[in-house]
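Below, each chain spelled out in residue letters.
There are 4 protein chains.
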Amino acid sequence: MKRKYSVELSNVGQFTDRYMACGYNDDYSVEQLFDRAKSVKKITGCELCGTWHITEQNAEHMKDLIEDHGLQLVSIIPDYFAQRKWGHGAFSSKDPELRKQAVRDTKIMMDICADLGGEIVTVWNGQDGYDYPFTTDYVKERTWIQEGIKECCNHRKDIKISIEYKPREPKMRSFMSDAATTLLMVKEIGAENLGVTLDFGHSLMGIENPAEAAAVLKMYGDKLFHCHVNDNYGYWDDDCIAGTIHPIETMEYLYWVKRLGYDSWFSFDQYPYREDGRDALEEGIEWIETLGAIADSLDDKEVDEVIATGSGVGFAKLIREKMLQKKY
Amino acid sequence: MKRKYSVELSNVGQFTDRYMACGYNDDYSVEQLFDRAKSVKKITGCELCGTWHITEQNAEHMKDLIEDHGLQLVSIIPDYFAQRKWGHGAFSSKDPELRKQAVRDTKIMMDICADLGGEIVTVWNGQDGYDYPFTTDYVKERTWIQEGIKECCNHRKDIKISIEYKPREPKMRSFMSDAATTLLMVKEIGAENLGVTLDFGHSLMGIENPAEAAAVLKMYGDKLFHCHVNDNYGYWDDDCIAGTIHPIETMEYLYWVKRLGYDSWFSFDQYPYREDGRDALEEGIEWIETLGAIADSLDDKEVDEVIATGSGVGFAKLIREKMLQKKY
Amino acid sequence: MKRKYSVELSNVGQFTDRYMACGYNDDYSVEQLFDRAKSVKKITGCELCGTWHITEQNAEHMKDLIEDHGLQLVSIIPDYFAQRKWGHGAFSSKDPELRKQAVRDTKIMMDICADLGGEIVTVWNGQDGYDYPFTTDYVKERTWIQEGIKECCNHRKDIKISIEYKPREPKMRSFMSDAATTLLMVKEIGAENLGVTLDFGHSLMGIENPAEAAAVLKMYGDKLFHCHVNDNYGYWDDDCIAGTIHPIETMEYLYWVKRLGYDSWFSFDQYPYREDGRDALEEGIEWIETLGAIADSLDDKEVDEVIATGSGVGFAKLIREKMLQKKY
Amino acid sequence: MKRKYSVELSNVGQFTDRYMACGYNDDYSVEQLFDRAKSVKKITGCELCGTWHITEQNAEHMKDLIEDHGLQLVSIIPDYFAQRKWGHGAFSSKDPELRKQAVRDTKIMMDICADLGGEIVTVWNGQDGYDYPFTTDYVKERTWIQEGIKECCNHRKDIKISIEYKPREPKMRSFMSDAATTLLMVKEIGAENLGVTLDFGHSLMGIENPAEAAAVLKMYGDKLFHCHVNDNYGYWDDDCIAGTIHPIETMEYLYWVKRLGYDSWFSFDQYPYREDGRDALEEGIEWIETLGAIADSLDDKEVDEVIATGSGVGFAKLIREKMLQKKY
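Residue numbers (the numbering used here), protein chains in the order written: chain A, 1 to 328; chain B, 1001 to 1328; chain C, 2001 to 2328; chain D, 3001 to 3328.
In short, the hints are calculated from the structure, not lab data. Please note that a few of the clues may not be correct.
Claimed, not checked - Footprint (simulated), chain B over chain D, 3 or more residues, beta carbon under 8 Å:
#, segment
1, 3008 to 3017
2, 3077 to 3084
Said to hold, decoys possible - What follows is a set of in silico ranges between Cβ atoms, one per label pair, in the way DEER data are often shown:
#, chain 1, residue 1, chain 2, residue 2, range
3, C, LYS2041, A, ARG84, 26 to 32 Å
4, C, CYS2022, A, GLU192, 32 to 38 Å
5, C, THR2051, B, LYS1042, 54 to 60 Å
6, C, THR2044, B, ASP1026, 52 to 58 Å
7, B, ASP1300, A, PRO96, 26 to 32 Å
8, C, ASN2058, D, ASN3154, 47 to 53 Å
9, A, ASP296, B, LYS1063, 57 to 63 Å
Just so you know, these numbers come straight off a predicted model, no measurement behind them. Glycine residues also receive a C-beta, built at the ideal position from the N, C-alpha and C atoms.
Produce the entire structure from the sequences given, and follow the hints as far as they go.
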C-alpha cells in the first residue's frame, strides 16, 4: 500500500517549552520551514497552523510557497491556542464575543483552505477545557462548542471540519478528550462535512488503543477524517518520533486503518524538542514505512485466524515472525 | 437533599486477590451478608451479583431474605465474569453459543429482578475486552455486544438495562471502557430502557472527571441510570472507601448529579480487601453524607459565580471555606 | 505550629507554555514581582532563579530588592534549563566544557547566595536526563552529575546544596527522578552540606507518597533540606494551587514533616498558567495554613492508635472528623 | 551470548483473579507443573514459591522432582503473601510475632534452598506496604523490614537474599517500591549476600526505565542479583508475555544488563491469565531470544556513537535497521 505523508510545518522548525522559551534549536522562517519539509523524501503534503504560519494577511504568499514547493495543502489548523485572548477558551469561552471570534476565524480559515486547494480544517480545541473542579458548567460549555462547530460546518460544505481530540494540555482537562466523546458531539451535530482527527499520541495519552479508536470512529458514522502520527510514553504528549516507542501498537493501527478503508493522509505531528526536526521527520517516515510494510505483509486471513482464537500467544508468534529480524 | 444508599452485597463480605486466594477476612454466608448490610444505618437497598448471590435456583430464597431484611432490591448484576466459560468474553465471545447464553442469562435475571421488585439489571462486561494487539476484530466484537444488549432490552421494557463501564480489569482493555464509548452504543441501540451506570472509581481510572462524565451522560439522552460510589488512586480499581482519596472530586460529582436531576440510588461498590467490609461501608456512607451535605450547602448561584469567571482561585476559596474545618 | 512561607518569584508573574509563547497573563518586571510577592501576607522569604531573576551582573540590585522588601533569601535555583546551551544537559552534558560551566555557575551562585544572606542553593537538574532508549550511558552520565555536585559541595561548606528531583519534564526521563535515587547519590557523595528538596508535586508525579518520601529522606541521613509545595493530578507537573487536588495527602505530608522534625521553609512553587499568580499564592497559603492547622490538631497519640491497627476505617473516621465541616 | 532461562513454576499453571476465583484454565498438580516447564525447550531452571509449591514438609519431594526433571533450582520465593496471617504485612507487620515468623520462615527457606542446590532466596514483600494515608509509621515499619532482612542475611552467607521490589499490588503502596528505595535499605544493611531482583514489569509500573534501573543497581554496590522478565502496559502488573508490549525497552535492558556484566538467570514471571501458560512461556523465550540476539548484534562502538550524540534520531535509525524486518 502506498501511504501519503504530510507534515505540520512546525515539525521541522524550532521547539520551545515553558523552561526553554528561547527554543532548543535554531529559528527558521516560514520559507525555510517549507524548504526543510520539501527536502524530506516522500513528503507531499503540508499542514499549516493559524498565526504561526498562516493568517488572513499572508494567505496569498502561503499559496505561492505551497505551489513553489510542489506540495499539497492537506489541512489548516486555525489558531485557538496561541493568542492571549484564547487563554480561557475559544469555542467554550465564557465570553460570547470570543466564541463568535472562534467561529469567525474558523470560517475565514475554511475559505482560505479552499482557496489554497485544501480540503480539511482541523479544529484542535486546545484551550477548550478546564483546570479545576467547580469552575465549569459542563453542559453549557460543551453546548457552546457544539453550536459553534455546527455553524462552521454550515459555512460551506466543500470543506471538512475535523476535530482533533486530546485528553489534556494545555488545559488540565479538555472537553474534546477522546474519540468517543468527540464522536458523540459530531453525531449530535450531524453534518456530513464534520469528522474526527485521530492523533496517535493523543489516543495513547487517553489510554485508548489507537487501532480500536479508529474502528470506533469508522463504525459509528464513518468519521475518521484525518490521521496524525507520532508517539509518546503513555503519560503525556511527548510527540516523539513516530513508531519508536510503541512499534506494535503503531503497526496494529496502520493495519486497521487500512482494513477500515482509510486511504487519506498520514500527517506528521512530532515535536522533537531536542532533535533536528527535519531529520526526525525523515526518520519518522522510515519507521512508518517500515512498520506499514510489515502491516501490509499480514494478510487478513492470517490475522483473522489469530482473532478467531483471541490468543495472545498467537499474536506474539505472528508478530514476532513478521516484525523482528531473526539473528539467532 | 436526602440520598438513598444501597450496597452490592459482596462489599460486606470476604475479599480475595490473585495472591490471597483464601481471602483476607472471614467467610460469610449470604444470610450473614444480608445481616451485615442491614446493620448499617441508612442502607435501604441492595445489589446482588449473579452466581455469587443469586441464581435461577435460589431466587425465591433471595426474595425472602430481601423482604425479611426490609431492603429494596436496587439492581442485579448478572454473572459474566466469574464462571470459567466467560473467561474469553460473554457478549463478545468468539463462540456464538456463549453469546447466546449471555443474552439468555440476562433475560432470566431481568425476570428475576422484576419478580424481586427491582428495576435495574446492571450489565458489567468485565470479560468483554482483550489483552493483546491483533487479537480482536473491534468492529465485529463491538457489534456482537450491541446486538446482544439490544435483544435484552427488547425482552421486557419494565426492567432497565444499565451498562457499567470500566477501562480495564479483568481484561487489559475493555470494550465498554468509558462513559462516551458506552453511550455511543447505547444511543445506537436506541432503547428507552437502556442506560449507563457510572462507577466513580471506574471513571477516575479512565482519567475522566466523574462530574463531567455524569453531565455527558445526561446531555446526550438522559442516560445516567445508576451510580456506584467508591474511590481509588487513579491508576487502578482499588475500590477504596468512598470519598477518602478524592474528596473534592467526590463532592463536585455529588453536586453535579443532583444539579443534573439524578435522584436515584448511590450504591456502594467498595472492595476493602484488608478492612472489615461492614465498617468500611458505614464509614463510606459517613463520607458521602458529609461531602454531600457540604455540596448541598453550595447554592447554585455562588457556584455559578465561580463558573462565570472560570477561576481556579475562586474555586479554591469557595471550597476551602465550605469544606475544611478552620482551626487557626 | 508556625510555618514559614517563601515563594519562587516566578509564581507571581507570567506563565507560558509551548503553545502560548506570549504568556497567559501580563508581563511583570522583577521589581514588580517583588512587590507582588511582598503583598501576600505571611510571605517572608523568596527563591530566585538564575537568568530569570538573578545573574552575576545584577546580584547587588537583587540584594537591594530583597532587603527593601523585607524578605529573607531562602534559596537560589541556578539556571541549568533556560539557556540553549543546556538543552542537552548541564551536569550530565556530553560536552565536558558545559559540565564545567554547570559547576562554575553553581559555585558563583553559592557565593552570591551567601552574599545575599541565603543558605541554600537548589540544584534542579531539569535537562539532565534523556528522551529515548539507547541514547545514554547511565553509569557514566550519573557519575558526571555526582562528580560535579561533589565539587560544588566542596566549594564552600556554609552553603547547602539541595537537589530537587523530578521524574520528567523537560526531559522525558530525568536522572534525579525520585527521592531514593537522589538520596543514593547524595549518600555516595557524603557531603554534610548536600541534601534533597522535596517538591510535593514532583513526588506525586513519581507515584511517591510525599509523606513517605519525607520519611525516607529523614531516616537515611537526615537529608530533607527543603520543601516545595504545590499540587497536581498525578500525571504531570501541573503546579496547581497547593492542597486543592490532594488535600489529604497534603495534610499527611504536613503532619509527617513536622513529626520528623522539619522546621524550615515551605516554599511555594506553583505555576498557575491561567490564574493571577499573586492571588493563587495567597490562596495556596490559606490551604496550607488550614490543612496545617488540622494536621496540628492531630495529636501523635491518636494518630499512633490508628497506625497501631493499620486500619483504613480508622484513618477515614479520624480524618473525616478532623478535616471536614459537618453540615448534616 | 547464551542466556540461561528459568521459570517461576506458577507460570505454566492456573491463573485466578478476584473475579475468576475458579481460575481461567485447568488446574495442574505440582508434578504436572514440572512436566510442563520441562517441556519448554531452553528452560533449565525453576523458581518455587512457598506454600504454593514448597513447604518444610514437602521439600524432599520437591528435591526429587527438580532432579528428575533435570532442572536447576534458581530461587525460592518464600510465602509472605498467600496466607491470611500475612494480610496486614509480614516483615513490617504491626504484630511482632508475625515479624518473627517472617524471619523464621525465610531462614527455613534459605536452608531448604541450600539443600536443594539453589543460591538465591527472593524476598518479595508483597504485603509489606499500606493502603491509606495516616495508617503507617514509615520510619518504624521500614526499620522493621530492615532488621528482619538483616537477620536473615546473617543466618547463612552461602545463600543470597534478593529483594524483589514492586510499586503496588496487593497493597496500594509497597515499601519496597522501586530499585533505589530498595537499594538504600540494602546498602544500609550492608550484607554481601543481600541484593535486588529486578522484575522488568515491576520496573515499568514504577515508571522506571528497566535498563537504567539495572545500571543504578550495578553502580551502587553491584547489587543486581536476579532478573525477572515479563511485560505490561505501564499501569499495572499485567505480567504479559515478555517483550511483546515494550520490545525496544526490553532490548535496551537486555543490552545493558549484559554490558553491565550480569551473566545470571533470566527467570520468567509471566501470569498469562487467559493463555495456556506453557505456550506463553515458550513464546516469551522466543521473544527474549530474538530481542536478545538483536541486542547482541549491536556492538558497543556503534551504540556509543549514538550515546556520544545523545541523538534520538540516531537511536531511531540504529534500532530500526537492526530490529525491524525491511519489507519495502
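Verification of the hints:
1. With 3 residues bearing a CB less than 8 Å from a CB of chain B, the segment 3008 to 3017 of chain D meets the requirement of three and the coverage assertion stands.
2. Residue count for the segment 3077 to 3084 of chain D with a Cβ under 8 Å from a Cβ of chain B: 4. That meets the three needed, and the coverage hint holds.
3. For LYS2041 (chain C) and ARG84 (chain A), the Cβ-Cβ distance of about 29 Å falls inside the hinted range of 26 to 32 Å, so the restraint holds.
4. In this structure, CYS2022 (chain C) and GLU192 (chain A) meet the distance hint of 32 to 38 Å, their C-beta atoms being roughly 37 Å apart.
5. Hint check: THR2051 (chain C) to LYS1042 (chain B), Cβ distance near 59 Å, so the stated range 54 to 60 Å holds.
6. Here the CB-CB span from THR2044 (chain C) to ASP1026 (chain B) is close to 55 Å, well matched to the stated 52 to 58 Å.
7. The hinted window of 26 to 32 Å between ASP1300 (chain B) and PRO96 (chain A) is violated, with their beta carbons roughly 21 Å apart.
8. Checked against the hint of 47 to 53 Å, the pair ASN2058 (chain C) and ASN3154 (chain D) fails, with Cβ atoms roughly 59 Å apart.
9. Between ASP296 (chain A) and LYS1063 (chain B) the beta carbon distance is about 59 Å. The supplied range of 57 to 63 Å therefore holds.
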